[in-house]
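Start counting the sequence shown at 1; every next residue gets the next number (the numbering used here).
These aren't lab readings, by the way, just hints derived from the structure by calculation.
Worth double-checking, as some hints may not be accurate.
[Claimed, not checked] Cβ-Cβ distance ranges computed for the label pairs, FRET-style:
{"#": "1", "residue 1": "E73", "residue 2": "V247", "range": "40 to 48 Å"}
{"#": "2", "residue 1": "A240", "residue 2": "R43", "range": "44 to 52 Å"}
{"#": "3", "residue 1": "S101", "residue 2": "A229", "range": "17 to 25 Å"}
{"#": "4", "residue 1": "E241", "residue 2": "G122", "range": "38 to 46 Å"}
{"#": "5", "residue 1": "G191", "residue 2": "R81", "range": "43 to 51 Å"}
{"#": "6", "residue 1": "T54", "residue 2": "A75", "range": "48 to 56 Å"}
{"#": "7", "residue 1": "I251", "residue 2": "V58", "range": "20 to 28 Å"}
{"#": "8", "residue 1": "G223", "residue 2": "L243", "range": "31 to 39 Å"}
{"#": "9", "residue 1": "E73", "residue 2": "E193", "range": "29 to 37 Å"}
{"#": "10", "residue 1": "R70", "residue 2": "A229", "range": "49 to 57 Å"}
{"#": "11", "residue 1": "A133", "residue 2": "H13", "range": "46 to 54 Å"}
Since this is a predicted model, take the numbers as computed values, not measurements.
Note that the Cβ used here is the ideal one computed from N, Cα and C, for glycine as well.
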Amino acid sequence: MSSSLQTTIRDLHLKRGRERRGLTLAEGVRLVEEALAAAVPIRGAAVSPALEGTPRGVALKAALEAAGVRLEEVAAPEFERLAGTEHPQGIVAIIEPPRWSVRHMEAGTGAILVLDAVQDPGNVGTMLRTALALGADGVVALTGTAELANPKVVRGSMGALFRIPAAPAAPDEFLAWMAGQKMELWVAAMGGEALADAVAARVGPGQRVAIAVGNEGAGVSAGLGAAAARRVGIPLAPGAESLNVSVAAGILLYEVLRER
Numbered sequence: 001m002s003s004s005l006q007t008t009i010r011d012l013h014l015k016r017g018r019e020r021r022g023l024t025l026a027e028g029v030r031l032v033e034e035a036l037a038a039a040v041p042i043r044g045a046a047v048s049p050a051l052e053g054t055p056r057g058v059a060l061k062a063a064l065e066a067a068g069v070r071l072e073e074v075a076a077p078e079f080e081r082l083a084g085t086e087h088p089q090g091i092v093a094i095i096e097p098p099r100w101s102v103r104h105m106e107a108g109t110g111a112i113l114v115l116d117a118v119q120d121p122g123n124v125g126t127m128l129r130t131a132l133a134l135g136a137d138g139v140v141a142l143t144g145t146a147e148l149a150n151p152k153v154v155r156g157s158m159g160a161l162f163r164i165p166a167a168p169a170a171p172d173e174f175l176a177w178m179a180g181q182k183m184e185l186w187v188a189a190m191g192g193e194a195l196a197d198a199v200a201a202r203v204g205p206g207q208r209v210a211i212a213v214g215n216e217g218a219g220v221s222a223g224l225g226a227a228a229a230r231r232v233g234i235p236l237a238p239g240a241e242s243l244n245v246s247v248a249a250g251i252l253l254y255e256v257l258r259e260r
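Modelling step: build the complete structure from the supplied sequences, incorporating the hints.
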């Protein structure tokens with residue numbers, strides 16, 4: 001028989017369910033460990049016998065119980081229907097994701113990453129993880145970008161979503177905020193100025209930069225491109241057409257932030 005917790009998990013696999021409840025899912029031992037360590041509210045979790053198959057799983061279950069999280073034991077066949085991964089690790093938790101806004105990025109000193117209609121949730125999650133690892137001040141997800149609360153984004157971020165400010169915004173809202181922050185907008189573009197030249201010409205190490213990467217097929221939108229101070233590119237070897245957007249974002253962030 002399906003419980004209310006299982007019904008909620010099924011609902012949270014759907015965007016409308018996440019929007020209505022303000023919740024999402026964290027699946028797998030490491031991701032739930034990260035949620036617990038970051039003090040992300042955990043509303044409950046479904047667990048299968050597989051969770052206790054490793055010492056980390058046993059320790060995680062004990063930590064959740066000690067924190068007062070409601071755990072519901074679910075048989076393996078039913079758990080596989082609740083899980084969103086091909087090889088589930090025995091835990092799916094219901095979490096309340098952080099509610100960031102661009103205001104949480106105002107005290108930064110380096111760069112923010114701007115995602116302009118990046119639709120693949122795996123790419124979005126990877127870029128969140130990369131931005132945290134490289135010391136970015138935050139990530140802005142413009143209209144058309146994969147929903148930050150999508151469980152695939154949460155999973156791909158490997159817990160970065162719990163630690164780095166990441167906020168959705170409309171393009172006009174973002175541009176108005178950015179202007180108030182005296183921040184330069186650089187957009188990634190094929191044939192743009194060589195990244196190394198742009199970094200060398202940057203107005204001092206204190207100049208904050210917003211680095212925008214665009215849709216996997218169409219690139220950055222015309223409106224964002226028109227507002228850019230610089231269009232920058234990554235030189236590629238002859239015959240190479242393009243880079244994956246998350247790889248390009250990592251290179252751009254690294255080059256801008258390493259001179260701080």
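Evaluated hints:
no.	hint	in the structure
1	E73 x V247: 40 to 48 Å	41 Å, holds
2	A240 x R43: 44 to 52 Å	46 Å, holds
3	S101 x A229: 17 to 25 Å	24 Å, holds
4	E241 x G122: 38 to 46 Å	20 Å, violated
5	G191 x R81: 43 to 51 Å	48 Å, holds
6	T54 x A75: 48 to 56 Å	19 Å, violated
7	I251 x V58: 20 to 28 Å	40 Å, violated
8	G223 x L243: 31 to 39 Å	23 Å, violated
9	E73 x E193: 29 to 37 Å	58 Å, violated
10	R70 x A229: 49 to 57 Å	50 Å, holds
11	A133 x H13: 46 to 54 Å	28 Å, violated
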